[in-house]
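A.B. asks: One letter stands for each residue in the lines below.
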Amino acid sequence: MREIAYEDIVKAVKNMVIHTATNLPEDALKKLKEAHEKEKSPVAKKVLEQLLENAEIAREEKRPLCQDTGLAVYFVKIGQDVKITGGLLKDAINEGTEQGYVEGYLRASTCDCFTRENLKDKIGYNLPAVIHIDLVEGDTIEIEYAAKGGGSENVSRARVLAPAQGREGVIDFVKSVISEAGPNPCPPIIVGVGIGGTFEKAAISSKFALFREAGKPHPDPEVAEFEKELLYELNKLGIGAMGMGGTETVLAVHVEKNPCHIASLPVSVNVQCHSSRHSHVTL
Amino acid sequence: MSQVHYLTTPLTDEDIMNLKAGDIVYLSGTLFTARDAAHKRLVDLIENKEELPFPLQGAVIYFVGPTPPKPGDPIGSAGPTTSYRMDSYSPTLIKYGLKGMIGKGKRNQEVKDACKEYKAVYFGATGGAGALLGKLIKDAKVIAYEELGPEAIRMLKVENFPVTVINDAYGNDLYEEGRKQYEVKD
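Chains as they are written, first to last, in this note's numbering: chain A, 1 to 283; chain B, 1 to 186.
Don't take each hint at face value.
[Said to hold, decoys possible] Taking lysine-lysine and the DSBU-like style, the derived pairs with C-alpha atoms no more than 35 Å apart in a straight line are:
no.	chain 1	residue 1	chain 2	residue 2
1	A	K201	B	K185
2	B	K185	A	K257
3	A	K236	B	K185
4	B	K116	A	K236
5	B	K141	A	K45
6	B	K157	A	K46
7	A	K14	A	K33
8	A	K175	A	K228
9	B	K180	A	K175
Keep in mind the hints are simulated off the structure, nothing from the lab.
All chains should be modelled from the sequences, with the hints used to inform the complete structure.
C.D. replies: See the structure below:
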């Protein structure tokens with residue numbers, strides 16, 4: 001049994017939270033540069049220029065890329081040969097999140113659902129984080145993190161289709177979600193699509209899909225082909241950067257497919273804005 | 001054709017009537033920040049005929065909830081937030097003198113109608129460009145509702161703050177027009 005100390009998890013999470021707020025990862029940067037080169041609309045091209053400049057300023061001056069420093073979302077793979085000493089994994093991640101948001105001068109964006117109050121002693125500093133845990137083989141803990149902004153999250157949708165609607169039904173649904181979202185989620189965007197499983201499995205899959213390296217095709221060639229088709233269809237919408245009209249609306253489509261019940265076809269669309277802040281650490 | 005304007009706040013009716021959807025505007029002067037909770041309070045004050053924390057005549061409100069400033073900086077990152085959440089409040093503020101709003105994303109028909117009727121515009125700033133836009137804010141002071149944290153009302157001093165006219169006072173909408181131009185129909 002390998003032992004990992006609670007404090008080491010706190011520290012790793014804190015550092016990751018601070019670093020991710022100001023450094024647009026290479027995959028997102030590469031996709032933005034490609035979009036800038038390909039974009040046909042001069043207005044949208046100018047917006048993309050601003051986004052590239054913004055990433056440079058954020059990195060150099062250690063300023064948050066966006067004022068919406070997100071809600072902290074984690075996908076954690078914990079090896080079954082690991083023992084955590086000194087506390088609970090969940091508490092360590094939450095403590096690291098709080099320290100990162102406070103020490104990094106990040107915005108406290110969490111509030112009570114109904115009163116909308118930001119109670120800093122209880123939930124203020126982006127607590128509790130949203131944590132998905134998977135138990136796997138091995139003796140390491142792998143933590144994947146994303147700072148998920150509200151603007152893009154708000155346009156995400158889930159629906160359970162009838163099986164007869166099939167592949168075409170999924171395409172129509174994804175198109176309707178992105179068309180309706182228009183400028184609101186800060187395009188250019190990355191679109192995560194979770195298909196199959198149950199209602200919540202589809203939703204979690206659509207979020208998990210956003211954690212993949214931007215534009216990296218799904219290992220299953222059939223799913224990868226579907227991703228290409230969706231990307232083509234969505235870019236035909238003409239929404240463009242910040243919705244001002246253009247050819248480059250979607251940087252990448254990532255699909256995760258699961259087997260589902262014979263009676264249902266769940267599908268979920270989770271949208272990631274251009275400021276795709278994510279990173280990972282292995283302990 | 002899209003034009004470029006340099007304007008200083010407060011804005012006048014004449015300023016507004018010179019702007020068309022798609023025009024680029026560099027704003028200088030004072031902007032007031034307000035988001036959801038602050039908007040609710042402003043509209044409550046108007047309905048109760050009480051004094052507002054800043055003069056609405058010719059004012060430009062920036063929908064933003066900045067990150068906390070680092071020591072020595074006036075403000076942290078400060079890009080626009082999604083505007084539709086302010087749709088139910090904006091027409092009242094426009095009626096009482098508000099001339100400009102800066103945000104991102106679509107507005108509803110009531111806001112567009114109010115812009116037409118009372119001569120006001122909706123500007124879009126680049127969402128997510130918080131580091132870049134925060135740098136253009138030279139001074140920031142909380143003037144009301146400090147307890148709202150990022151949602152408090154701040155008075156900002158800006159120089160050449162870049163925005164694009166989305167909804168003008170003639171009923172045009174850049175989101176609809178821009179999209180039509182690049183949409184590929186089957």
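A.B. asks: Hint by hint, note whether the structure agrees.
C.D. replies: Hint-by-hint comparison with the structure:
1. K201(A) x K185(B): Holds, because 34 Å separates the two Cα atoms, which is no more than 35 Å.
2. K185(B) x K257(A): Cα-Cα ~28 Å, so holds.
3. K236(A) x K185(B): OK: K236(A) and K185(B) at ~7 Å, within 35 Å.
4. K116(B) x K236(A): Measuring from Cα to Cα gives roughly 31 Å; hence the hint holds.
5. K141(B) x K45(A): Holds, because 34 Å separates the two Cα atoms, which is no more than 35 Å.
6. K157(B) x K46(A): This hinted pair holds, its Cα atoms lying about 24 Å apart.
7. K14(A) x K33(A): holds (29 Å)
8. K175(A) x K228(A): holds (14 Å)
9. K180(B) x K175(A): Holds, at roughly 16 Å.
In the structure shown, no violation is registered for any of the earlier numbered hints.
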